[in-house]
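Enquirer: Assemble chain V onto chain S, guided by the hints.
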Amino acid sequence: MIASTQAGQQTGIYAASVREDALASRPPVINDFSISVATKNGSGSQTANTTLLRALFKMGIPVSGKNLFPSNIQGMPTWYTIRANKDGFIARKPHAEIVVAINPATAIEDYQSVEPGGFFMYADDIRLQMNRNDISHYPIPVKKLATENEKDPKLRTYVANMVYVGALAQLLGIDLADIESALLFHFKGKRKPVDSNMKVVRLAHQWAADNLIKTDPFRVQKMSATDGLIMIDGNTAGALGAIYGGVTFVAWYPITPATGLADALSHFLPRLRTDPDTGLPTYAILQAEDELGALGMVVGAGWAGARAMTSTSGPGISLMTEFTGLAYFAEVPAVVWDVQRMGPSTGMPTRVSQGDVLKVYFLGHGDAKHPCFLPGSVKECFEFGWRALDLAERLQTPVFVLSDLDLGMNQWMSEPFEYPDQPMQRGKVLTADDLKQLGGFARYKDVDGDGVGYRTLPGTDHPLAAYFTRGTGHNERAQLSERPEDWTSNMARLGRKFETARALMPKPVVQRVDGAEIGIISYGSADPAVEEARALLARAGIKASYLRLRALPLEQTTTEFIAAHRRCYVVELNTDAQMLQLLRLHAPEHATRLVAANYSDGLPLTAEWISTAIRSGEGSGEGSGEGLDKGPAI
Amino acid sequence: MGTASLQRANVIGLQKIDYKGGDSTLCAGCGHDSIASQIITACYEMGVKPENVIKLSGIGCSSKSPAYFMNRAWGFNTLHGRMAAVATGALTANHKLIGIGVSGDGDTGSIGLGNFKHMVRRNVHMVYIIENNGVYGLTKGQFSATADVGQELKHAGKNELPPIDLCMEALVAECGFVARSFAGDPKQVVTLLKAALSHRGTAVIDIISPCVTFNNHDDSTKSYMWGKANDDRINDFTYVPHQEEIMVEYEEGEVKEVTLHDGSHIILKKLDSKHDPTDRAAAIKLLEEAREKQLFITGLLYVDNGRQNLAEHLRLGDTPLALMPLERLRPPRESLDKILDSMK
Numbered sequence: 009m010i011a012s013t014q015a016g017q018q019t020g021i022y023a024a025s026v027r028e029d030a031l032a033s034r035p036p037v038i039n040d041f042s043i044s045v046a047t048k049n050g051s052g053s054q055t056a057n058t059t060l061l062r063a064l065f066k067m068g069i070p071v072s073g074k075n076l077f078p079s080n081i082q083g084m085p086t087w088y089t090i091r092a093n094k095d096g097f098i099a100r101k102p103h104a105e106i107v108v109a110i111n112p113a114t115a116i117e118d119y120q121s122v123e124p125g126g127f128f129m130y131a132d133d134i135r136l137q138m139n140r141n142d143i144s145h146y147p148i149p150v151k152k153l154a155t156e157n158e159k160d161p162k163l164r165t166y167v168a169n170m171v172y173v174g175a176l177a178q179l180l181g182i183d184l185a186d187i188e189s190a191l192l193f194h195f196k197g198k199r200k201p202v203d204s205n206m207k208v209v210r211l212a213h214q215w216a217a218d219n220l221i222k223t224d225p226f227r228v229q230k231m232s233a234t235d236g237l238i239m240i241d242g243n244t245a246g247a248l249g250a251i252y253g254g255v256t257f258v259a260w261y262p263i264t265p266a267t268g269l270a271d272a273l274s275h276f277l278p279r280l281r282t283d284p285d286t287g288l289p290t291y292a293i294l295q296a297e298d299e300l301g302a303l304g305m306v307v308g309a310g311w312a313g314a315r316a317m318t319s320t321s322g323p324g325i326s327l328m329t330e331f332t333g334l335a336y337f338a339e340v341p342a343v344v345w346d347v348q349r350m351g352p353s354t355g356m357p358t359r360v361s362q363g364d365v366l367k368v369y370f371l372g373h374g375d376a377k378h379p380c381f382l383p384g385s386v387k388e389c390f391e392f393g394w395r396a397l398d399l400a401e402r403l404q405t406p407v408f409v410l411s412d413l414d415l416g417m418n419q420w421m422s423e424p425f426e427y428p429d430q431p432m433q434r435g436k437v438l439t440a441d442d443l444k445q446l447g448g449f450a451r452y453k454d455v456d457g458d459g460v461g462y463r464t465l466p467g468t469d470h471p472l473a474a475y476f477t478r479g480t481g482h483n484e485r486a487q488l489s490e491r492p493e494d495w496t497s498n499m500a501r502l503g504r505k506f507e508t509a510r511a512l513m514p515k516p517v518v519q520r521v522d523g524a525e526i527g528i529i530s531y532g533s534a535d536p537a538v539e540e541a542r543a544l545l546a547r548a549g550i551k552a553s554y555l556r557l558r559a560l561p562l563e564q565t566t567t568e569f570i571a572a573h574r575r576c577y578v579v580e581l582n583t584d585a586q587m588l589q590l591l592r593l594h595a596p597e598h599a600t601r602l603v604a605a606n607y608s609d610g611l612p613l614t615a616e617w618i619s620t621a622i623r624s625g626e627g628s629g630e631g632s633g634e635g636l637d638k639g640p641a642i
Numbered sequence: 013m014g015t016a017s018l019q020r021a022n023v024i025g026l027q028k029i030d031y032k033g034g035d036s037t038l039c040a041g042c043g044h045d046s047i048a049s050q051i052i053t054a055c056y057e058m059g060v061k062p063e064n065v066i067k068l069s070g071i072g073c074s075s076k077s078p079a080y081f082m083n084r085a086w087g088f089n090t091l092h093g094r095m096a097a098v099a100t101g102a103l104t105a106n107h108k109l110i111g112i113g114v115s116g117d118g119d120t121g122s123i124g125l126g127n128f129k130h131m132v133r134r135n136v137h138m139v140y141i142i143e144n145n146g147v148y149g150l151t152k153g154q155f156s157a158t159a160d161v162g163q164e165l166k167h168a169g170k171n172e173l174p175p176i177d178l179c180m181e182a183l184v185a186e187c188g189f190v191a192r193s194f195a196g197d198p199k200q201v202v203t204l205l206k207a208a209l210s211h212r213g214t215a216v217i218d219i220i221s222p223c224v225t226f227n228n229h230d231d232s233t234k235s236y237m238w239g240k241a242n243d244d245r246i247n248d249f250t251y252v253p254h255q256e257e258i259m260v261e262y263e264e265g266e267v268k269e270v271t272l273h274d275g276s277h278i279i280l281k282k283l284d285s286k287h288d289p290t291d292r293a294a295a296i297k298l299l300e301e302a303r304e305k306q307l308f309i310t311g312l313l314y315v316d317n318g319r320q321n322l323a324e325h326l327r328l329g330d331t332p333l334a335l336m337p338l339e340r341l342r343p344p345r346e347s348l349d350k351i352l353d354s355m356k
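Taken in sequence, the protein lines are chains S and V.
Per the numbering used here, residue 9 is the first one in the first sequence, and the count goes up by one each step.
Per the numbering used here, residue 13 is the first one in the second sequence, and the count goes up by one each step.
Chain S extracted, bound-state conformation (with noise of 0.2 Å):
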């Protein structure tokens, strides 16, 4: 609400219709709301709303923030939307209570998406019929502001951010301190933009000060709920996770999402992996002529024995289809990331899906399965990127990390990563002397019974050493060879090492609640929505039991987990319900307990979605259920 009648004749058309002294009377809620931020790409709002972020977790309130942009580089709509929750819950909120209008575009509705109750902050330019009482309106003059500030045009567009910034600072009860310093944070520490930016903040804050009237509830206080914590997202955890693992060899090409991850690696190899004594790198890193190429590269490279990695999404995952079928047969180490988005074909790439599922986890050409890890944090993102360096090199296959772009592109509060906690494993490698005393070797011979064969690295000093690699049929001793005797004893072979990837890889996190007659079972990046989820349902005297998988392939813990629930949904993002589908081939004996609860439009799951799917499953609340418990056909 405006102020002064002076003022309130810039807003136009709502002052007259609306009356808020009404609103103003309601008890103040804490830290606890929503704000989105509409925009358009390209026009430097990013810095403004991560430093809005950064201020909040600098203040010690359990924060998320999540951009939802189009595939565009200028001009198009964009959105930005911060959760803070003392509670913890972080996860998106199917609607915002706080909405900041910047694209005249998009500002219709922008005003209709506001939770009742909240606020609509707008640039002061924007004309536009506003006609509800059950919100709070706060025009800002956006653009009078910035030319007072900033006489260079081009820069104008950029510190404008910087009045919804200082007004909604003011509004909320940000301290300007930490606005300043989640400024310094993200110059890096450089005074000269901090200053210019915070010349703004200051500008705009007097502002709101001098002319707004808080009729909304929302306010600010300091906590301790982040202390400690770190913000990141989980590309540049991938991507240390990695370094900390020793990588030594990445190719890959750009696609959104995972292109982060690429950056991540080409900015922290330099500082981390140059050797002190030589000054020179102790890493490689190719950009390669396209994901053909990128998958190609890290095959040959983990064959002639470094730790070889890519990243990408999934149309780049259908062009590494072949190699990976080929490192799969030939048992190549490889890692690969696949930072998933939305499908089919370009379908919605800057939009998050977990769609890759049932693909990349038999990803190939003829038989072929991949070992898959699903991180459901960065901290994860971190930790299984050492872990999957180490299992593609003990395993010699292609071992895949699937994130999403939520995960990957978004910032995420975390406990600090934790140091790996072994030593590199480089897997079964004869050396020279090594062959010295036994004389030879066999390649593909399973001599520990673990299905993993010995190799060695070319460039080995005996005259015994080297093999030939083919995908075409072979024998024990890498030989051309076309006896059916062969194949199958081979790919019982690749079976039984199947199934040592199925012990090594990481146990699924489960939380079993006392007389829980329901488990939900999910992964990735749906985590927080189903934690929260799970307390909503608790509210309504629901009680669930919750496994979040954390790799493929699915093993005992799972199928014990649903053995003891009388349901159990399937919380994904995805349409197919592609883990559903995994799981009734995985535990067939308890397919009718599985039911799916699966959504997919291009946005992270929301808490409600999740409860109102189960609580419709199980007979309360909206809805029939109808569909829930079927899962699509195939």
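Please keep in mind that the hints were generated in silico from the structure rather than gathered at the bench.
Source: prediction; values computed, not measured.
Be aware that a few hints might be false.
DSBU-like cross-link-like pairs, simulated, lysine-lysine; straight-line CA separation at most 30 Å [to be verified]:
(1) V:Lys356 x S:Lys198
(2) S:Lys230 x V:Lys356
(3) S:Lys453 x V:Lys350
(4) S:Lys387 x V:Lys350
(5) V:Lys350 x S:Lys230
(6) S:Lys198 x V:Lys350
(7) S:Lys444 x V:Lys61
(8) S:Lys207 x V:Lys356
(9) S:Lys453 x V:Lys356
(10) V:Lys61 x S:Lys436
(11) V:Lys350 x S:Lys196
(12) V:Lys108 x S:Lys444
Derived list of chain S stretches under chain V, where covered just means 3 residues or more per stretch with a C-beta under 8 Å from a C-beta of chain V [as the list claims (entries may be wrong)]:
(13) 243-254
(14) 287-293
(15) 328-334
Over 12 Å on every C-beta distance to chain V, these chain S residues come out as not near it, computed from the model [to be verified]:
(16) Pro35
(17) Glu158
(18) Lys159
(19) Asp469
(20) Ala572
Ideal placement from N, C-alpha and C gives every residue a C-beta, glycine not left out.
Expert: Okay, now just chain V, sitting in the frame of chain S:
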């Protein structure tokens, strides 16, 4: 070759037999086998240590070749058209290795053209041999992208599209070593191989290697004269006649007409000392003129040792990445703490 040469040890004390590979499964008389023999000869005579060699290929008849030379080297028969990418990775992981790639015209000129050109652009240190016969043999006789305009094949019909000249492709991608030869000219092949092995970047040798089985028409436009009618032309793919390898000898500057197994002809012109192989524009011009006259220029077309190779560009040191001691690969705990502190 005589017994004497088999028993003579080279500079690293190995005999020629130490360079041998498995028995060939290619059609008798195939030019590819002749090339494999010359690889053996070149490596033996140069004293290349087999354990330091990786021999890679794509998919196709040509790509079977690595199995037929140097059993003591690591072989990798990769994917159709993707040897360049695998070689790039392998030779970055261990840049001390000697890379020999064997590809075909389908592999390099069609499915893998992109990866090939990018490997050349990166200047990966390796010898890249194309066994070029203008035809897909393993899938029984389709045109490849290097087939001549107007060429006819039994089942594929007449080729109406212009050929891709892989030497030209290499030249325009700034390859530092570009040569062309003929599989039946072992002296030239072995000389070029030795030069290629001494080159410090990507060395491309396009070797015309006649297919004895599927390039079996009698009216090839690879000749300025139509070949004479051949009563023995093969109409049944299940029958593969035994053929002798075609061998030629000709001097620098000489033009040589070669009769192929099917009776068709190709014309080779061996480069002489008038060509300056350090002049890239001249090499491109030569290829263009040869294209107009429908003849094959053989010899070293272009050489430039000045370009940085990929390993140099990546600043790889004495220890290959693949053999880097583990303690150099995991940064210390304090470095992680420092990064995490900066994210608080």
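Enquirer: Evaluate each hint against the coordinates.
Expert: Right, here's what the structure says about each hint:
About 18 Å separates the Cα atoms of Lys356 of chain V and Lys198 of chain S, which keeps this hinted pair within 30 Å; it holds. Simply put, Lys230 of chain S and Lys356 of chain V have alpha-carbon atoms about 16 Å apart, close enough for the 30 Å limit, and the pair holds. Among the hinted pairs, Lys453 of chain S with Lys350 of chain V is inconsistent with the structure: their alpha-carbon atoms are about 45 Å apart, more than 30 Å. Between the alpha carbons of Lys387 of chain S and Lys350 of chain V the distance comes to roughly 16 Å, so the proposed pair stays at or under 30 Å and holds.
In summary, the hint linking Lys350 of chain V to Lys230 of chain S is supported, as the alpha carbons are separated by about 25 Å, within the 30 Å threshold. With a C-alpha separation of about 19 Å, the suggested pair Lys198 of chain S and Lys350 of chain V falls inside the 30 Å cut-off, and the hint holds. Using a Cα cut-off of 30 Å, the hinted pair Lys444 of chain S and Lys61 of chain V holds, with the two alpha carbons roughly 18 Å apart. For the hint pairing Lys207 of chain S with Lys356 of chain V, the CA-to-CA distance comes to about 25 Å; that is within 30 Å, so the pair holds.
With a CA separation close to 50 Å, the supplied pair Lys453 of chain S and Lys356 of chain V exceeds the 30 Å bound. As the CA atoms of Lys61 of chain V and Lys436 of chain S are separated by approximately 25 Å, the hinted pair is consistent with the 30 Å bound. The straight-line distance between the Cα atoms of Lys350 of chain V and Lys196 of chain S is roughly 14 Å, inside the 30 Å bound, and the hint therefore holds. For a cut-off of 30 Å, the pair hint linking Lys108 of chain V to Lys444 of chain S stands: about 23 Å separates their Cα positions.
Counting residues of the stretch 243-254 of chain S whose CB lies closer than 8 Å to any CB of chain V gives 5, which reaches the minimum of 3, so the coverage claim holds. For the stretch 287-293 of chain S, the stated coverage by chain V is satisfied: 5 residues place a CB nearer than 8 Å to a CB of that chain, which reaches the threshold of 3. Check on the stretch 328-334 of chain S: 3 of its residues sit with their Cβ under 8 Å from a Cβ of chain V, so the three-residue criterion for coverage holds. Against chain V, the non-interface label of Pro35 of chain S holds: every CB pair exceeds 12 Å, the least being about 33 Å.
The claim that Glu158 of chain S lies off the interface holds: its Cβ sits roughly 29 Å from the closest Cβ of chain V, which is beyond the 12 Å cut-off. With a least CB separation of 33 Å from chain V, Lys159 of chain S remains clear of the 12 Å interface cut-off, as annotated. A beta-carbon of chain V comes within 12 Å of the beta-carbon of Asp469 of chain S; the shortest separation is about 6 Å. At roughly 38 Å, the least C-beta separation between Ala572 of chain S and chain V is larger than 12 Å, which holds for a residue marked as non-interface.
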